[in-house]
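The task is simple: from the sequences and hints, build the whole structure.
Chains A and B, in that order, give the protein sequences.
To convert, note that position 352 of the first sequence is 352 in my numbering; the numbers rise steadily by one, no gaps.
Heads up, my numbering is the position in the second sequence plus 545, with the first residue counted as 1.
Hints may contain errors.
Pair by pair, the computed Cβ-Cβ distance ranges are [to be verified]:
id, chain 1, residue 1, chain 2, residue 2, range
1, A, 354, B, 699, 45 to 55 Å
2, B, 906, A, 264, 40 to 50 Å
3, B, 866, A, 320, 26 to 36 Å
4, A, 412, B, 651, 54 to 64 Å
5, B, 696, A, 435, 45 to 55 Å
6, A, 394, B, 723, 18 to 28 Å
FYI, nobody ran anything at the bench for these hints, they're computed from the structure.
Note that the structure is predicted; figures quoted are calculated from it, not measured.
Where a beta carbon is used, it is the ideal one built from N, C-alpha and C, also for glycine.
Okay, here's what each chain looks like letter by letter:
Protein chains: 2
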Amino acid sequence: MAGSVSNPFNTDLDRNPANFQPLTPLTFLERAAAVMPEHVAIIHGAQRISYAEFYRRSRQLASALVSEGIERGDTVSVLLPNIPPMLEAHHGVPMSGAVLHAINTRLDAQTIAFQLDHAGARILIVDRAFIPLAEAALALAEVAPLFIVYDDPEYAGSETGELPSVDYSAFIARGNADFAWLMPEDEWDAISLSYTSGTTGDPKGVVSHHRGAYLLAQGNALIANLPRHAVYLWTLPMFHCNGWAFPWTMAVVFGTHVCLREVRAEPIWQALAEHKVTHLCGAPPVMSLLVSAAPQVQRALPQAVEFFTAAAPPPERVLAEMETAGFNITHLYGLTETYGPAVVNEWQAEWDGLGQEQRTHFKARQGVRYLPLEALDVMDPETMRSVPHDGETLGEVMFRGNVVMKGYFRNRRATEEAFAGGWFHSGDLGVIHPDGYLQLKDRSKDIIISGGENISSIEIEDALYKHPAVAVVAVVAMPDEKWGETPCAFIELVPGHTVTNEELTQHCRDYLAGYKIPRQFVFEAIPRTGTGKIQKNKLRERINP
Amino acid sequence: MAGSVSNPFNTDLDRNPANFQPLTPLTFLERAAAVMPEHVAIIHGAQRISYAEFYRRSRQLASALVSEGIERGDTVSVLLPNIPPMLEAHHGVPMSGAVLHAINTRLDAQTIAFQLDHAGARILIVDRAFIPLAEAALALAEVAPLFIVYDDPEYAGSETGELPSVDYSAFIARGNADFAWLMPEDEWDAISLSYTSGTTGDPKGVVSHHRGAYLLAQGNALIANLPRHAVYLWTLPMFHCNGWAFPWTMAVVFGTHVCLREVRAEPIWQALAEHKVTHLCGAPPVMSLLVSAAPQVQRALPQAVEFFTAAAPPPERVLAEMETAGFNITHLYGLTETYGPAVVNEWQAEWDGLGQEQRTHFKARQGVRYLPLEALDVMDPETMRSVPHDGETLGEVMFRGNVVMKGYFRNRRATEEAFAGGWFHSGDLGVIHPDGYLQLKDRSKDIIISGGENISSIEIEDALYKHPAVAVVAVVAMPDEKWGETPCAFIELVPGHTVTNEELTQHCRDYLAGYKIPRQFVFEAIPRTGTGKIQKNKLRERINP
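If you want it as structure tokens, here you go:
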């Protein structure tokens, strides 16, 4: 009777303002402020900011930005630690119609200058601690954004600048706290611009939209099973993929943000205990920091704490120690291009009964698609065919869904390459196990090709992590006349331990085929990005300058 | 620099299959089947259906429907209790591109025939218990849908039909369990058609879409704070607003549906205890049923049980008894036009410290907007201006957001009226309290106008519910020569109690102004719809036939 053409369910049943509104995470804060106005939204040192105040200050910021001439599609850049104005920026900037560009505070001035120019920054909001860095970047940049400085009462330093600047508090005081903030015209409108930290090549500007931020913010709350009034501690930098959308997530459950200027063991343990933190996210080094803290720094926690980690799988030892200390670890995986987490290691009840080693094995896998991701697969990027679910066949990890970026800013070619064949190509290599769980094997550029065989650097690293003297290890390819490439292992030792090349080679024989054993071990500090990611490109440069 | 026209964030950053997929709740089942294939999705009597099996059977149903010639935009009608094929229909029907029309099983044949014709039903799936009702309706209807009968092993009756029919199990056996099910072409595509139970006038067909069903299904999980593997008991009929989207919600958290053919105290208490039910929804009569059950039927429950109720505010007495029995009650409010719940009584921590009476007072209010609803207001429908938040000024409750229907099927005029001024007009009257919480006062047609004064029938009912002899009360307007209208109260007594008109009048004086006291009390059974809603239109007919 009815086909698509004459579908009666599409007749006189159109969108209108009553039944269609753009999805945006900004409505979460609006709702929280209306429903729980007096609940504490933000804790920072001695400061307590209620939801009513958080919403007022965000609207004031938006209003001040609009008064400054900011229009839809303009860029507002920020160079801030995890402090209240960073949370305000995540709301107030998009409430003005502008796009938030949060800059990694550990970058060099040159890279920041590149980003400011590429982003076309109109405004730059900076914490006083970063005045020297910001001024060095502005000296190199072509753009001349309005320079706004925030003076955090929790910061003891005394940097002053050379350039004219506006005080953040004075700036937002110009704004109207009742400002009728701008809804996006379309949920596809950009909400943020985040540059990939770029272990190789020029940084690319990842553009995220309101729709994806709304869906990921809710997805986080569901995946993390956040209860009402959850308490979230900020160890993950908010400049990193917008803190995986958690700046927006917490309002969904009327939760509390606990800010932290610096990721050090003492304030983290203190916050966990004093504010009864229930959830936090962080890279594996944060875990190491926690469990290696002096006994007098560590606290007994009455509450259960959920810890979400990403990047490299955490070493077995650290996982075990974290569990003993009362943390429940969930392993996530994603990229800036997927707004942060897009894969979660969903725990199967039957794994509870396994021994520590086997549980760690399952915990180290990346897992299955996040709730708001529509599809996850591992494919041969040439044929775009899925690999068999055998846990062995290597392919490229591909994503498809509403939490995949709009594309790369002002970079049509990179965008087209990334989306070739209707999937987002991650550049990561992995396998799918028979139970459907993804396990990463390597970045495609980190694979070592020796005598025509592919060697996974992660497999070698896993073997070396089992040695008690090894604290951190990174394996890269080393040119070899006979084999093309062979593995080279960079190693940081556990303090107080020593080990010889021979002992490590012997150790590797227990776990690896002969051709996978590193031909060289280098004992020195391993370079990392601002977010703790190991920079294998720099290691390769050391070998082959 | 950049305005909307030249917005650089809209250049070369278009939608493509990698970064844009239609939102549909069908992906939740797909994901659950992939991640937790062996987890029990459905319990029904002795049956246990895993997520893998649930997904396979839903695809089989979709495949069989497509083989039968079903196309996008066709209607598949079902007349089923809360049993596994009803859950399969919520997935398999939209997976075929068709629209699910779930019929209230307590309707008369005439009304069902109207619905089948109006919906253009191509297929009708019926539980054996409803064969006589279905055949009576088909005899009156103009359409001649394929008639499919399901034989539930949990049903002991022996109805047989006159009309030729196909066995449900044989029908889906024709389908392919690996069928590549149809994603909606657009998230705005219809997923279901539900006729309002119609306390007055012709039933209207409410059309819901995939986008709204996705958002409400997730919103339920967030509002109810469903943990992973929550266990949900089906006391709310799935034919009622698609069970408030819970047929789709449970897969979000890999939860378990516990089916129930009939809402009786004994099987409910049994299921609560045996399956460790964590959540259920139901109208206030379900609560009365639970707490008035014989002591040997009631069970001590080790687990906390969350009970979500809607429709009329539950009487104080019943609320108190439910709390004592270990249930935590949350009051919701919504309409078929809002997919079910669109308002939730978010509980403020400070209310915990109040006495029972005050807590009940707060609990009986309707509350604040549901998470996926963008706006809720009470307005003067003439001027479309918001009423002051004074808890006194009456206005019409209005909704705006993504969980508001597409409109009424084949009824452009009703759709336009409902959406006048860019808001959905609920027809319910309410006030907003100073804390922003909505409280319903009446349906606009239930208001009593006496001597030019508006009298809320709910206010009178509340007063009468405080009398220990009153079990159920419904107040309607009675024509009066002098005053135009006066209140008339229909009353069902608590078994074993008696009361006189004089006693009730005296009781009312303690709570109500004189002009609000009913002039007449009628002691007789009160008519209800299939979903437990009191039919005031029938009471008005009794007074004024």
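Hints and how they fare:
no.: 1; hint: A:354 / B:699: 45 to 55 Å; result: violated, 37 Å
no.: 2; hint: B:906 / A:264: 40 to 50 Å; result: holds, 49 Å
no.: 3; hint: B:866 / A:320: 26 to 36 Å; result: violated, 49 Å
no.: 4; hint: A:412 / B:651: 54 to 64 Å; result: holds, 59 Å
no.: 5; hint: B:696 / A:435: 45 to 55 Å; result: violated, 35 Å
no.: 6; hint: A:394 / B:723: 18 to 28 Å; result: holds, 26 Å
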